[in-house]
Amino acid sequence: MLAQNFLLLAAALFSIGVYGVIARKNAVMVLMSIELILNAVNLNLIAFAMMNGSPLDGQVFALFVIAVAAAEVGVGLAMVLMIYRNRRSISLDELSEMKG
Amino acid sequence: MSLGSMLLAAEGATEHAAVASGWFLENAWLIPLIPGIAFFAILFFGKKMPRGGSEIGIASMAASLVLAIGLAVQWVGAVSDHADGAVIRTVTWWESGPFVFTIGQQVDGLSVVLLFLVAFISTLVQIYSTEYVYGDSRYTHFFAALTLFSAGMLTMVVAPDMVQLILGWEIMGLCSFLLIGHWWEEQANSEAALKAFFTVRVGDIGLLVGTAMLLAIFGTLSIQGINDAAAAGEFDSHRMLMWAAVALFVACIGKSGQFPLHTWLPDAMAGPTPVSSLLHSSTMVVAGVFLVARLYPVFHVGLDINVAGQQFNLIAVIGAITLTIAAFLAFVQDDIKKVLAYSTVSQLGYMMLGLGIGAWTGAVFHIFTHAFFKCCLFLVAGSISHTASHHSFDMKKDMGGIWRKMPVSFWSWMIATFALCGVPLFSGFFSKDEIIDSAKHYDYTTLWVVSVVGAALTAAYMTRATYLTWFGTPRGGAAHFMGVPHDTSHEVHEHSAHPDEAEVDDPHLPDFTEDADVHGHDVHGHDDHSHDDHGHEDHATHGKPLPFAPHDSPWKITVPIAILAILALGSGYLNAPAFGIHWFEHQTESSIGLEFAHGGEGAAEGTTDEGGEEHGAALVDEYAMAPGGATYVMAEEGGHEYEAPGPYAVPEPPTFTWQAAIWPGMVLVLLGFLISLGLSLSIFGNRKTVLSPLVGLTKRNRFAGALHTFLVRKYYLDDLYEGVIVRAVAHPIAKAAYWFNQKVIDGIVNAVGKGGKRAGDFVYENIDQRVVDGAVNFSGTAASESGHALQPIQSGKVSQYGALLFGAAAVGGILLIILNG
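Order-wise, the sequence lines are chains G and B.
Reminder that position 63 of the first sequence reads as 102 in this note's numbering, one-by-one numbering, no gaps.
Reminder that position 739 of the second sequence reads as 740 in this note's numbering, one-by-one numbering, no gaps.
Hints in this document: simulated from the structure, not taken from any laboratory.
All of these numbers come straight from a predicted model, not from anything done at the bench.
Wrong hints could be hidden among the right ones.
[To be verified] Keeping only pairs whose Cα atoms sit at most 27 Å apart, straight-line, the calculated DSS-like set for lysine-lysine is:
#, chain 1, residue 1, chain 2, residue 2
1, B, Lys48, B, Lys557
2, B, Lys406, B, Lys557
3, G, Lys64, B, Lys798
4, B, Lys49, B, Lys557
5, G, Lys64, G, Lys138
6, B, Lys798, G, Lys138
Take the sequences, apply the hints, and build the full model.
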């Protein structure tokens, strides 16, 4: 029962994150949405680990994910900063140089 | 090759006498190794050395000589302690499956003799060479090759197994090629080098085949293992052993210049004289004789030598043929080195004859003494050409009358000639007489007659050569040397231009020979290099007598000659049956590998009978040796008690009697000497003698002329080889090959080509153009079109990409859930 709740919460967070990534135009908001997705995954990891009876494994995984996420956000924010310096804007709609 | 890794092979030593020990005996492998290393040192550093690398060569040979002397001393000591078992030490060279190939040393009487001989002669020859080839453009390479040559012979002599023996054998083959062709700028020289190499290679096939057969028969390549097994009759098929012996003997025929393959040896005179002397005395040509002596049980058993009633066997017959035909050929040579070359061939024939009749000791002792006097003769010939005759070796054109001015060379020559002719008390007498005596004693009557006649011929041709070289009127180069005006009326040379004219125009021209037409006809001209004037400046310009002619050659030439002359005189006393000395025999008898049929009838009969019965069971083939063969006594015929001991034992050397030596041997030798002296005087010296009516016989008598031409053309053997065999083999093959090439191969090629073209056309039109190109074009078009179709997806908008990603992931997830149920 308890695990189901966790999973439902995680699914909700994940969906919100996906929505944010797709729908938001502000790059910072997209990064924040990615954080939501990652945290949803973290919740999943902990929940499944508890269901399997070895909670420590999941928590260690989660800690690793948090650490990696911090690095990822660091890189992401640096890129956003550079984009802002160059274009005075961080709107993702205007960034379409990769158009094929 | 570290000492630690060497292991003493105890194999075979148990049944032999106790193994000798001593530092030199156990480190004999150093003797070939030092010159081997010196070869590389000379090649790499020789040019920078003050004396062009010759000092390295001489130092290495001297070091080998010191080791060899120490070895000989310790061996003599060991023999006197009755510890005359061979000292065998080996290291593994490489392994291949069950076969272990080793390299190392086998020291016994035979190898000690040869090691000493080769090191000694090589040292002297190298000292001599420093003067003789001084200033040569390839001085360093000459010494490098000379050193490697000696190293090859030493490697072979000390070999404990067949692989090392072949290694040394082939090194020598290579070096002989290099040295004979040392002055390769002249076509004749390089052709002579090639001829030597190829002729020996023909024989070498026999060595490889024979070695392989020995491996198949005995399962080992160790020489002592082979010898022990052969002597004990431990083989399945006597016939196979016979063929192995024959194959190995073919190699000896090639290497030692025996009858059908002797033609390379005289041509090898194209090399510098030190090379000739080394090649003809201690290295190269005695390699074949050494091989027979080394594997004597194989030959002795394989060819049934000394079996009761045997009159001929392959080795003895080839030796007998060789010694006679070569002696005859020596009569018609003008080139002093060629006389000596044929003399070498003849003496090698004696050695083979000796081995073929069971006179092992006599043959090996003849190797020993022959090395000294023949080396001496060659070095004297070089000394003459170096000092007296302007680098010419032509006895008729450039020599004569020089004996007063070159005392050292002259007396050395005389001593060596006496030794060669078998004059009593000189070394050749003791060795050659033992072979001849053995032939008589062992009931090889025909061969005995041949060998006695050969001895007379030897005396005769050496008398001719000596007279032409040293006495009479100085001619050509020698006339300049002697400071007398060059008087052409006394000249004893023949005109080589037009044979017919020569005969008509020069009726006064005294001549043993009728070489004129030969020179005109000589197809390949290998043999016409009568001079090798490559070394350095002539001593005098032509046409002017030398005002300050030196008396003899420099000390670097005369000292080796004198040493060799002393040995040519004295070395015979190591084994002089005439004086009851059997020292040499005693030192080497353990190397024969077979038992002596010692003592009286009882002992000989006992051993042979026993052996015969024992082996009879093991033999698969019908084997002629009946157990009772030993009872064959020749007493009723020869009046002496001799029993043929059969192939598993060698007969004892005969007891020497002066009576047997004098008649008919020495009488015939004296007769040969007198006839030749008379002929030489009347033909070359224009003196009246009893034999004067014979002068010009070759021109007057058709038969004598034909015989002479036959000799001059060297029995037409060269023509046979080059004109008939090579032509007969090569021409039809070439013709057939041409036909095959034109009709068959070209036909096939053309058919294939046409078929290929048609197939190609078809493929091009149908497969290439339609299928392949179609496929390629289609895939290109498809990719292009799909690319165009998918282009809109690449909007460049991150959000869209994300949406696609998540959409795809969602679809994947749903699929997974559905599939997993």
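Do the hints match the structure? See the list:
Of the supplied pair hints, the one linking B/Lys48 and B/Lys557 holds, its CA atoms being roughly 21 Å apart against a limit of 27 Å. As the CA atoms of B/Lys406 and B/Lys557 are separated by approximately 17 Å, the hinted pair is consistent with the 27 Å bound. For the hint pairing G/Lys64 with B/Lys798, the CA-to-CA distance comes to about 10 Å; that is within 27 Å, so the pair holds. The hinted pair formed by B/Lys49 and B/Lys557 meets the criterion: a straight-line CA distance of about 23 Å does not exceed 27 Å.
A distance of roughly 17 Å separates the Cα atoms of G/Lys64 and G/Lys138; the hinted pair therefore holds under the 27 Å criterion. Among the hinted pairs, B/Lys798 with G/Lys138 is consistent with the structure: their alpha-carbon atoms are about 7 Å apart, no more than 27 Å.
Going down the numbered hints, you'll see the structure goes against none, and every one checks out.
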